[in-house]
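A.B. asks: Its first residue numbered 254, the sequence shown is counted upward by one per residue in our numbering.
Warning: the hint list may mix true and false statements.
Claimed, not checked - Calculated pairs, SDA-like style, for lysine to any residue (alpha carbon to alpha carbon, straight line, at most 25 Å):
#1 K576 / D653
#2 K621 / P437
#3 K621 / G360
#4 K621 / P566
#5 K576 / R637
#6 K621 / R557
#7 K621 / W439
#8 K576 / P540
#9 K621 / R365
#10 K621 / R637
#11 K621 / D466
#12 K576 / R365
#13 K576 / E539
#14 K576 / L586
Claimed, not checked - Simulated restraints, written as ranges between beta carbons of each label pair:
#15 A361 / G581: 25 to 31 Å
#16 K576 / P703: 33 to 39 Å
#17 R443 / A677: 35 to 41 Å
#18 H542 / R588: 20 to 26 Å
#19 R444 / S676: 38 to 44 Å
#20 H634 / G613: 32 to 38 Å
#21 D491 / R583: 46 to 52 Å
#22 T474 / G613: 45 to 51 Å
#23 N690 / L569: 18 to 24 Å
#24 R588 / A456: 24 to 30 Å
#25 T465 / K576: 49 to 55 Å
#26 D592 / R460: 54 to 60 Å
#27 T331 / E599: 36 to 42 Å
Source of the hints: derived by calculation from the structure; they are not laboratory data.
Even glycine gets a Cβ: it sits at the ideal position worked out from N, Cα and C.
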Amino acid sequence: MWRNPGRCCALRASLCAQHALGWTPRRTRQSKEGHGRTMEVRVDGQLSGAASRTPVVLADDLSGAAEVAGVALRTGWTAAQVRLGSEIHAPGGGTLTVADLDSRYLGAASARARVETAVRGLPGRGARVAKKIDSLLRGNLEAELAPFLRHGTTVVLCPALPGLGRTVVNGELLLDGVALHETPAWSAERRRAPRSVREALGALPSRGAPLTDVRSGALPTLLRSGDPCVAVCDAVDDADLRLIADAAHQHDVVLAGSADLIGHLLSRSRPAFAPATPVAVQPRPEPAHRVLGVVGTAAPIADRQLAHTAATPGVLIRRLDLKDLVAGDRQFLARTSCDLAAALVERSVCIAVDAGFRPGRTEQRRVKESLAQIVADAVAHDVRIALFLTGGETARAVLDRLSVTTLPVYDEVHHGAVIAGTSAGRLVAIRPGSFGNEASITQVFRALGPERTITRGTG
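Whenever a hint applies, use it, and build me the whole structure from the sequences.
C.D. replies: Structural data, given as structure tokens:
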């Protein structure tokens with residue numbers, strides 16, 4: 254008998270955290286349940302469910318979580334379901350779980366706490382953990398990887414996304430061959446871009462794994478040697494990502510990186526057979542008669558995408574002044590919502606922000622809240638209006654405002670742009686702000702509307 258209840262609780266919490274990070278006894282009780290068919294994206298890190306070796310993916314924003322959902326469909330998962338809200342219980346049976354911690358722009362301490370909370374709440378014992386990070390290294394990388402090292406496990410890290418020209422060479426993140434800090438990719442950030450991946454890790458212990466180690470098979474040896482650290486891996490193509498994921502899979506370490514890197518882990522861990530009792534999957538809503546798009550991003554590509562969409566018949570581009578959104582005047586918000594609702598009777602609309610100045614974080618939050626109110630009020634009474642939401646923070650704010658709790662994922666229009674649906678029957682598309690070519694918004698609008706065309710791989 255334990256004489257110290259506090260010590261007992263602390264030890265139990267520590268053991269649960271260790272199991273959650275992959276430290277599973279060799280003899281484990283195997284679940285007799287069949288593998289499920291539903292993938293869930295959770296929005297607050299409160300994860301629970303049956304014991305499983307199915308991967309659990311922790312993302313720092315909603316668009317990144319949705320991106321992983323799209324990759325999961327591409328790698329053989331037959332169904333995907335995005336679930337939002339607190340106290341969400343996993344259905345078990347091999348269901349994949351992606352948690353949106355909504356932590357990218359929190360303070361470092363808060364972001365670290367959210368990861369700790371998520372790890373403590375992981376389903377069962379021995380879940381395999383993957384950490385989705387921003388492929389441009391934005392967010393709280395040091396704070397969100399620190400909890401894994403603190404619990405004694407190594408992290409294998411590679412932000413490379415070769416399909417979008419993002420590679421890692423000699424520990425440096427390159428965008429189409431140009432060093433990240435020499436590009437405008439961080440133009441909307443309030444701090445400078447890191448000059449290397451290891452610089453983004455701050456004080457965390459790390460060591461590099463150059464291409465020669467990745468391709469020669471030396472990476473597993475590196476993972477077995479030394480104290481827990483972050484192993485920063487080079488990668489310039491998809492084959493390199495596959496080798497990195499293989500090494501992480503074999504050694505039960507935490508895999509951190511882009512959705513494509515995590516996709517290789519998912520392809521090795523997808524359900525091998527259908528459950529005895531199939532998981533009910535919500536049918537796809539009918540095509541929308543109108544689409545309301547919200548470009549909530551400052552990515553350089555956004556203006557070119559909007560220009561392409563402006564040339565599309567039946568789509569109105571509506572620009573909103575940044576100062577009005579920051580002010581958040583109730584009459585302005587109500588009037589703008591009414592104007593949008595009236596315009597949507599005749600045609601689809603895509604709204605964007607005209608920025609006359611560089612907003613700080615407080616102003617960015619006000620803009621996000623104003624956009625969420627305008628959009629939610631404009632579509633609240635007509636579920637036949639689909640939503641296209643680009644930018645993770647904006648997407649999260651709009652869906653929270655609409656009290657959306659479940660989003661089954663049906664299609665991937667192009668990399669990162671996924672189409673889902675709400676329980677009320679509304680179609681919703683989510684996409685990271687910097688993703689897609691000039692035709693991306695147009696392609697998503699067509700996929701949501703009566704044309705219902707999916708042009709894969711061209712965005």
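A.B. asks: Would you check the hint for K621 and R365, treating anything up to 25 Å between C-alpha atoms as holding?
C.D. replies: Since the Cα atoms of K621 and R365 sit roughly 23 Å apart, the hinted pair holds (cutoff 25 Å).
A.B. asks: Given a hint of 24 to 30 Å, does the C-beta separation of R588 and A456 actually sit inside it?
C.D. replies: Cβ of R588 to Cβ of A456: about 50 Å, so the range 24 to 30 Å is violated.
A.B. asks: Does R557 sit within 25 Å of K621, going by the straight-line distance between their CA atoms?
C.D. replies: Distance ~22 Å between K621 and R557 Cα, so the pair holds.
A.B. asks: Is it true that the C-beta distance of A361 to G581 lies inside 25 to 31 Å, as the hint says?
C.D. replies: Hint holds: Cβ distance 28 Å, inside 25 to 31 Å.
A.B. asks: Is 45 to 51 Å right for how far apart the beta carbons of T474 and G613 are?
C.D. replies: 46 Å, holds
A.B. asks: So does K576 sit 33 to 39 Å from P703, Cβ to Cβ?
C.D. replies: Because 37 Å falls inside the window, the suggested range holds.
A.B. asks: 35 to 41 Å was suggested as the range; check whether the CB atoms of R443 and A677 agree with it.
C.D. replies: 37 Å, holds
A.B. asks: Does the alpha-carbon distance linking K576 and P540 stay inside the 25 Å limit?
C.D. replies: 35 Å, violated
A.B. asks: Holds or violated: K576 and E539, Cα atoms, limit 25 Å.
C.D. replies: Roughly 37 Å between the alpha carbons, so the hint for K576 and E539 is violated.
A.B. asks: Keeping to a limit of 25 Å between CA atoms, is the pair of K576 and L586 held or broken?
C.D. replies: Holds, at about 12 Å.
A.B. asks: For the pair supplied as a hint, K621 and G360, is the alpha-carbon distance within the 25 Å limit?
C.D. replies: At roughly 18 Å apart (the allowed maximum being 25 Å), G360 and K621 satisfy the hint.
A.B. asks: Do R444 and S676 keep their Cβ atoms within the hinted range of 38 to 44 Å?
C.D. replies: For S676 against R444, whose Cβ atoms are near 40 Å apart, the range 38 to 44 Å holds.
Comparing the model with each earlier hint shows violations of hints 4, 5, 8, 11, 12, 13 and 24; every other hint is respected.
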